[in-house]
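One letter stands for each residue in the lines below.
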Amino acid sequence: MGHQSRPDHHPSTPPLTGLAASLFRALLPIAERDEVLEELAAEQAERSASRGRFAARIWLWRQLFGSIPALARRAWWRAWTGFEPRANRFNHGGFVVETWIMDLRYSARRLLTRPTFTLLAVLTLALGVGGTAAIFSIVRALLLDPLPVAHEERVGVLWFDGSWTEQEFLHFRPDFPGFQGMAAYTHADQTLEIDRRPIQLVRGISASAELFDVLGARAFIGRTFQTGDDIVGAAPVVVLSYGLWQELGADPSIIGRQLRLGGEPRSVVGVMPREFWFPSPTIRVWAAAGLRPNNRSGNWTLVGRVAQGGDIGRMQGPLRTLAAELGRHWKYPREWDKTVAPAITPLRQYLVGDVRTGLLATLGAMGLILLIACVNVAALMLGQLSGRSTELAVRTALGAARRRLVQQLVFESLLIGFLSAAAGALFAVTAFGTLLRSLPLGALADTAALDWKLFAAAFGFALLAASLVALVPGAALWRGNLQVSLAATRTGGISTRGGRLEGGLVVAQIALAVLLVAGAGLLLRSVANLRGVNVGFRVDNVAIVDATMPAQLSNEQRHQAVLDMLPVLQTLPGVRVVAATHKLPLRGSGHNFGISVLGKPDLEASTTAFRVVTVDYFAAMGIAVRRGRGFVPTDRFSTARLVVVNEALAAKYFPGEDPIGRVLQTFDDRGERIIGVVVNVTEQNLTDGPVPARYMLHEHVPMLWPSTSFVLAAARPEDVPRLLDAGRQAIRREGRALAVERALSMESIFEDAVGVPGRVATLLSLLAGLAMLLGAIGVYGMISHFVTRRTRDYGIRIALGLPPRRVASHVLGRGLRLVGLGSAFGIAGALVLTRLLSTLLYGVRATDPLVLAVAVVALLLAGTLAALIPATRASRTNLMSVLREE
Amino acid sequence: MTANSSKVPESAGVGNFEEQVLLAVIRTGADGYGMRVRRELERVTGRSVTIGSVYATLDRLEAKGLVISARTTTGADSPSRRIFSVTPAGARALVETRAARDKLWAGVNLQPLLPDV
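Order-wise, the sequence lines are chains P and H.
Per this note's numbering, the very first residue in the first sequence carries number 1; after that it's consecutive.
Per this note's numbering, the very first residue in the second sequence carries number 1; after that it's consecutive.
Do not take every clue at face value.
What the hints assert, rightly or not - Okay, the calculated bits of chain H under chain P, using three or more residues with CB under 8 Å as the criterion: (1) 28-42; (2) 63-69; (3) 90-98.
What the hints assert, rightly or not - Example chain H residues on the side facing chain P (calculated, C-beta under 10 Å, incomplete): (4) G46; (5) T57; (6) D59; (7) R60; (8) P79; (9) S80; (10) R81; (11) I83; (12) F84; (13) V86; (14) R101.
As the list claims (entries may be wrong) - From the derived model, a few chain H residues whose C-beta atoms are all more than 12 Å from chain P: (15) E19; (16) A56; (17) L58.
Keep in mind the hints are simulated off the structure, nothing from the lab.
Just so you know, even glycine gets a beta-carbon here, dropped at the ideal spot from N, CA and C.
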C-alpha cells in the first residue's frame, strides 16, 4: 500500500465548522477524528460547488443524523471489547467516554477477582450507609418535615400543659394578650356505636371552637368548628380524620349525618385532609367540647397562635400579664401555682419533646460509624494499592497517565458505593423498623413512614461515602512518587513513613466501640435488674382485655356491664379464673384516693392507691394473701363494705398492730372493714418500690371509671395467645356497653414497664455491635496492610531461622497494641459519658467496673481475631515465593 | 489495552451490508478509505449511505479479520488516513456468501410471479 495521489483530496479545503462538526467530533474516536472531518469537509465543499451551499449543508446534517446510532454503538462496542484497529496501533486514542467504560469494566473485573476485599468493603459501607439512612429518615420525618400546621413557628403550647380549667380558659377567651387566637383541648377517646357492629373505641380530642383556626388547618370536605359550636347546649359536632372517614366508607354525604360517639348522637361537620394530624397521628376524631364556665376541675391544654408580627421567643411580657391576671382571680396551692413561671413551648418542641436530643445524638453516632466505615474501606483500598505498587509503577513507566490510574480507583470505589447502596437500602429497611420501635417516639412514630426517600437517602449516603473512600488513596496515588515506591518494593525496605494516620484512626474506632459497648452493657445490666424485680403477681399466664364504656352510662350501668361479662368469659376454654379491675399494676400513676383511719384522727392527710376489683382478682393475678382472707363470693352481698390492703399500707398506717378488723373511711362515715392483707405489687413503675394500696369490690364502691381491664388467667401460659383472641371476641359479641380497646398479655405490659431502658438498650446494643464489627474490620485492614508491606522482610527472617510463631506474635502484638490504646481512650470516655445514661440505669452504677472490663475484653477478643488472620499469613511467608513474585 | 476478544467462526458468511462494504473496498482498490468506500456504495447502489454506518461496519469487519487497516500519510499538513484492504479471510467470506446465495437461487423460477415484465 503506497502513497497515492487522490483526485478528490483538497488540502486547501477549509476545515468543517459549526454545530454539525462539533457533534461529529464528539462521536468520533480521537485517532480518526481529523481524517473523517477532512473527508466530510472535502465532500461538502464539492457538493456546495455543484449543487449549492444549502443542499450541501442539508447533506451534511443528514449524514450526521444517519451516523449517530451507528457511531454511538461503535463507541460502546469499542470500549467494551477493547477493539483498536491495526491502523491506530502507533496512534492510540479513543473517546473520553470510551476510557470510562473500559475503566468501569476493568474495575468490575478487579473487584470480581478479589471477592474477599469486595465483600468486606461493600458490607462495611452498607452497614454504615443503611444505619445512617434509616436514622436520617426518622430525623427528617420528625424534625424537618413540616407539621400540618400553617406557620408553625407562631404556634405554641402554654405552661401547665394539661392542667387548665374551663373556667380559666373562658375567663381569658375574649382576648389572650399577645395572641391572635387560643384554643383549649383535652384527650377524650370516644366509643363509636354503629348499627350491627361491635362498639369501637376511637382516639379523640375534645376542643374549643378555635382549635382549627389556631392551627391554620382547613377541612378536606365540609367545615371545621365555628364560633358557638362549643357552647353548652349547642348541637354537638365532630370533625373526622381522613382515615376514619375512609373506614366509614369514604362517602362525602357523611357531612351533616349523625354518628353515635361517646354515647350520644353528634353531627359530622367536616373531614380533615389525609396529611392532617394533631396532636398525634393516632387521633381520629375531634369533638367540639361543651365548655362550662363554672367548671374548675380541668385537664385542658392551651395552644395559641402568636399575634401577627409577634415572636414566640419574646412572649414573656404578655405571658406575665396573663399570669398576673390569673393571680388576681384564683388562689393556687403552692405546687399548682400557675402564676410563677409562665412560659410557652413552640409547637414542634412540644410535640417532638425530648426526642430531639436523642434523635440527633443517634444520628451523630450513626454518622460517626459511617465515617469509620469509610475510613476502614479507604484503609483497605490503601492496602490494596500498596500491594499493587509494582504493577502501578510499571504501568506509569510504560506511559499510563496518572489521571487514568486515579480514574480507575475512583470507578472502583464508585462501584463499591453502588453495591453498598443496594445492600445498605435493604439493611436500612430493617433498621428503620427497629429504630422506630426502640426510640422513645410514642405516637409520633406514626408520622415516620417507610418510603422511597429512604432509598434515595441510602443512595446519597453511599455515593458520599464512596467519594470519601476514593479521596485518601486517590490523593496518595496522585501525589505519590511511584518510582520511589517501586524502588522500595525492589529493595524490600520497610517504609518508615505512613501508617501513623491509619493507626490513629483505628485507635479512635476502638475507643468508640469500647464506649458504645460499655453503654450497652450498662443498660443491659439495668434491664436485667428490672426484669429481676419481684412484681408481686404472676406475669406469664395472664391475658388482659382492656375495654371502655360510653361516657353517659350511670355508675350502676357500668358496674353491671363489667359484672355481667365475667360469667361469659369464665366459660371460654382454657380459662382458669377471670376478674376485672379498673387499673392494673405497672400502668403508671393515678387513681389515688385520700385515706382516713377510724380511731386515728391525728393521721396526716395522705392518699393511697385505690383499686376497684372483682371477687377473684387476687386469684386471677396470683397475688398472695398474707393475713386474713381475700374476697369470697358472698362478700358481694355483704351490707358492710369490705377492704383488702397491702403490706405497705399495713406497715405505714398500722405499724406493730393487727390491721384486720380495723376500719378505713374513703367515701363516708360508714367506712369499710379490713378483712385481709396481700403482698405488695408494683403499682406504677418497676422501680418505685412498695406503695400503700387498697382493694374494694365493685359492689361496695359507689362510682366507677368508664374504662376497665378484664383479667383472664389461663390454665397454662401457652393458652394466653388464644385467650387474648377469644376474650376479645367474647366481649365484642356479648358486651353490649363495652368497646374493646386492646387485648394484650400481662407479659407485654411488663415489657412496656421495662420501657425506655429496654428500648434504648436494644438500640445501643445494635450500635455497639456495629462499632465492634467495624473496629475489627479496621484492625484487620490496618494489620493486613502492615503485613503486606513487610512480606519480604518476614520472608527473609523466616528463611534465616526465625520461628514463624515469633512472626505471628509480632504481628499480633502490633494489633493488640492498637486495641489496648483504643480501649484506654474508650474507658476514659466511658467514665465521663456513661453518666448521661444515669437516669436510665437501675441497680448499676455508671462506672460499673464489671461492665467496663467486659467491654475491653470484648474488644480485645474481636481485635485478636481480626489480627490473627494477617498474623497467620505473615508466619507462613515463604521467601522463595516472595522473591518469585518480584 | 485489553486484547481483542471477538471470536471469528471458521467459515462465516457476511451480512448484506457487510458484503456490500467488502466489495466496495475491493472496488476502490488501493485507495479504500472510509469516505471513498461510502461514495462507491452510493454510486453503485444509488442509495444514500451514511459515513457512520460505513465506519461502524468496517470496524466490525476488521475485528472479524475480514479487512485490515493501515495508515498512509498524504502530506505534512493533512492528517494520515486509515486505508482498508480485504484480507484472504475476507475474500473467502465473500466467496462463501456468494456460494450460499447461488445455492438458494438454484432452481428458483421467478417467471410466473412477475406479471409481464
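The hints, checked one at a time:
1. 28-42: holds (count 7)
2. 63-69: Answer holds; 3 residues pass the 8 Å Cβ test.
3. 90-98: Since 0 is below three, the answer is violated.
4. G46: Violated: closest Cβ of chain P sits about 16 Å from H:G46, beyond 10 Å.
5. T57: holds (8 Å)
6. D59: holds (6 Å)
7. R60: holds (8 Å)
8. P79: holds (4 Å)
9. S80: With a closest approach of 7 Å, the H:S80 hint holds.
10. R81: For H:R81, the interface hint holds, since the closest Cβ of chain P sits about 5 Å away, which is under 10 Å.
11. I83: holds (6 Å)
12. F84: holds (8 Å)
13. V86: violated (12 Å)
14. R101: Hint on H:R101: violated, closest Cβ of chain P at ~25 Å, above 10 Å.
15. E19: H:E19 clear of chain P: closest Cβ-Cβ about 17 Å, beyond 12 Å.
16. A56: violated (4 Å)
17. L58: violated (8 Å)
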